[in-house]
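Asker: The lines below spell out each chain.
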Amino acid sequence: MAGAGYIELTGVRKSFGAKHVLNGVTLSVPKGHSLVVIGGSGTGKSVMLKCILGLLHPDSGSIRIAGEEVVGLRGSARDEYLARFGMLFQGAALFDSLSVWENVAFGLIQGRHMARSRARDIAIEKLGQVGLTPEVGNLHPAELSGGMQKRVGLARAIAADPEIIFFDEPTTGLDPIMADVINNLIVDCVKRLGATTVSITHDMASARKIADDIAMIFKGEIVWQGPAKTIDNSGNAYVDQFIHGRAEGPIQMDVLKP
Amino acid sequence: MNLFAHIGRATLAMLTEIGRVAMFLKDALLQGLTPKIFPRQIIGQMVHIGYFSLPVVGLTAFFTGGALALQIYLGSSRFNAESLVASIVALGITRELGPVLAGLMVAGRVGASIAAELGTMRVTEQIDALVTLATNPFKYLVGPRIIAAVVTLPMLVGIADIIGIMGGYIVGTRSLGLNGFAYIRNTADFLEFNDVSSGLIKAAVFGFIIAVMGCYHGFNSSGGAQGVGRATTNAVVSSAILILAANFALTTLLFAD
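Protein chains in written order, with this note's numbering: chain L, 106 to 363; chain U, 89 to 345.
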């Protein structure tokens, strides 16, 4: 598995004080593939994503993108590295002081120094790709519904045509139909860009729809990784428990019984 | 034993906090105040911090100037020195009350709003989003706020000086029966350049304190709405205390001139 991937994590560890969140995550995503990491709340999914993005610094281990070590990058090298990424945040994380089109165009204007008028045209085009009309571009994020905010977040993530896109719980908090709309948009957008993606979710419907490969994280370690098609016959007790949503199994929730 | 544990814990917590602020300050200065510059953000913050604080600061200065004139008249009339009202009002406003009261009012108004805004951006992951869009949050958020506060606070205090002296003039001439012409001449003759400039220097320092504390607490807030509320309170309280402490230090420093 090691060496072939476009995104390669080897033995990534991260602790907060005495709490070990990542206990040596090893993961590989081939170029152009879509990996979905599933796992319960508090298993280290978000921390892993933040380590790859450089928002958090791993305590040890290596993270390689296209063969290049990215842990500890600083200054302009880090900016260049980040410019290859797009990210859709769980709560969309739109800048509420800016209008919708300014949000979508933000990376183009600030990161790539594009003229505002040209960035605006691209923003409107990207909004169209996620099914939003140009008029929406002039609204502010607070005026949009949750599903629309997610779509704007998606448009912002793909605005700069990134090579790698991260999706943090793309369907959490949406109704099943809107969740499916977002899933379809993700599949479409990723195909159009040919991007490599890593998503984290606990929504199995979403995982089945957008994943080429699925990995399961538990207590800061990858306990299973394989093609999405084989998820139902993984032979892994953790995966079986998770995809069937059973309370009984090897994953024990710390619930105090009365 | 328990008492020692308490003292130790409080001391450690305080030292940790000082260290954190120092680290933040380093990033704010080295990253926030070096190119690339965001002119749009700086101008926006100048309007927000400076222009919109004018009514609050103006009213504070006016009433303080008026009250000061009354008090000084009361005191000086006991030894027939009513002519001192104008000069002491001017001195008190420019050297001390103008910068301190403007600083405290702006700390309440602007420090709170900076902490609340950045705190909300932190807990809704907007600050992380900035990073993923290849924009340094120190340059985009912290730098402009510091620059705007350091530039506009002296302007606000300059205006507060004028309004405060005017408040003293109005109270002095209307209700205390002082001669208007003599009042203005006493003010103009007595006031030295140093009186005004030392107040403006203080104001710039206070502006720096307000912006840095607001940004620091906002940046480090966590835990949703409650965390943002805590950040806002801490930003106001810490900048108010630091302003008063810095005021004493600066007064000692500038006293010699």
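Be a bit skeptical, because a hint or two may be false.
Which chain L residues face chain U? A few, computed with CB under 10 Å, are given here [to be verified]:
{"#": "1", "residue": "Leu160"}
{"#": "2", "residue": "Ala171"}
{"#": "3", "residue": "Leu199"}
{"#": "4", "residue": "Phe200"}
{"#": "5", "residue": "Ala220"}
{"#": "6", "residue": "Arg223"}
{"#": "7", "residue": "Trp329"}
With a straight-line Cα cutoff of 25 Å, these simulated DSS-like cross-link-like pairs (lysine-lysine) come out [stated by the list, open to error]:
{"#": "8", "chain 1": "L", "residue 1": "Lys296", "chain 2": "L", "residue 2": "Lys136"}
{"#": "9", "chain 1": "L", "residue 1": "Lys334", "chain 2": "U", "residue 2": "Lys227"}
{"#": "10", "chain 1": "U", "residue 1": "Lys114", "chain 2": "L", "residue 2": "Lys155"}
{"#": "11", "chain 1": "U", "residue 1": "Lys114", "chain 2": "U", "residue 2": "Lys124"}
{"#": "12", "chain 1": "L", "residue 1": "Lys124", "chain 2": "L", "residue 2": "Lys136"}
{"#": "13", "chain 1": "L", "residue 1": "Lys324", "chain 2": "L", "residue 2": "Lys124"}
With beta-carbon atoms standing in for the labels, derived distance ranges [what the hints assert, rightly or not]:
{"#": "14", "chain 1": "L", "residue 1": "Gly251", "chain 2": "U", "residue 2": "Phe151", "range": "41 to 49 Å"}
{"#": "15", "chain 1": "U", "residue 1": "Leu117", "chain 2": "L", "residue 2": "Met309", "range": "47 to 55 Å"}
{"#": "16", "chain 1": "L", "residue 1": "Asp280", "chain 2": "U", "residue 2": "Gly312", "range": "19 to 27 Å"}
{"#": "17", "chain 1": "U", "residue 1": "Pro123", "chain 2": "L", "residue 2": "Asp201", "range": "22 to 30 Å"}
{"#": "18", "chain 1": "L", "residue 1": "His218", "chain 2": "U", "residue 2": "Ser285", "range": "14 to 22 Å"}
{"#": "19", "chain 1": "L", "residue 1": "Gly251", "chain 2": "U", "residue 2": "Gln314", "range": "46 to 54 Å"}
I should point out that these hints are in silico values taken from the structure, not numbers from a laboratory. Just so it is clear, the structure is predicted and the values come from calculations on it, not from any experiment. C-beta: ideal position from N, C-alpha, C; glycine also.
Asker: Run every hint past the structure and note whether it holds.
Answerer: Verification of the hints:
| no. | hint | verdict |
| --- | --- | --- |
| 1 | Leu160 | holds, 5 Å |
| 2 | Ala171 | violated, 17 Å |
| 3 | Leu199 | holds, 7 Å |
| 4 | Phe200 | holds, 6 Å |
| 5 | Ala220 | violated, 14 Å |
| 6 | Arg223 | violated, 17 Å |
| 7 | Trp329 | violated, 28 Å |
| 8 | Lys296/L to Lys136/L | holds, 12 Å |
| 9 | Lys334/L to Lys227/U | violated, 46 Å |
| 10 | Lys114/U to Lys155/L | holds, 23 Å |
| 11 | Lys114/U to Lys124/U | holds, 17 Å |
| 12 | Lys124/L to Lys136/L | violated, 33 Å |
| 13 | Lys324/L to Lys124/L | holds, 11 Å |
| 14 | Gly251/L to Phe151/U: 41 to 49 Å | holds, 47 Å |
| 15 | Leu117/U to Met309/L: 47 to 55 Å | holds, 48 Å |
| 16 | Asp280/L to Gly312/U: 19 to 27 Å | holds, 23 Å |
| 17 | Pro123/U to Asp201/L: 22 to 30 Å | holds, 27 Å |
| 18 | His218/L to Ser285/U: 14 to 22 Å | violated, 40 Å |
| 19 | Gly251/L to Gln314/U: 46 to 54 Å | violated, 22 Å |
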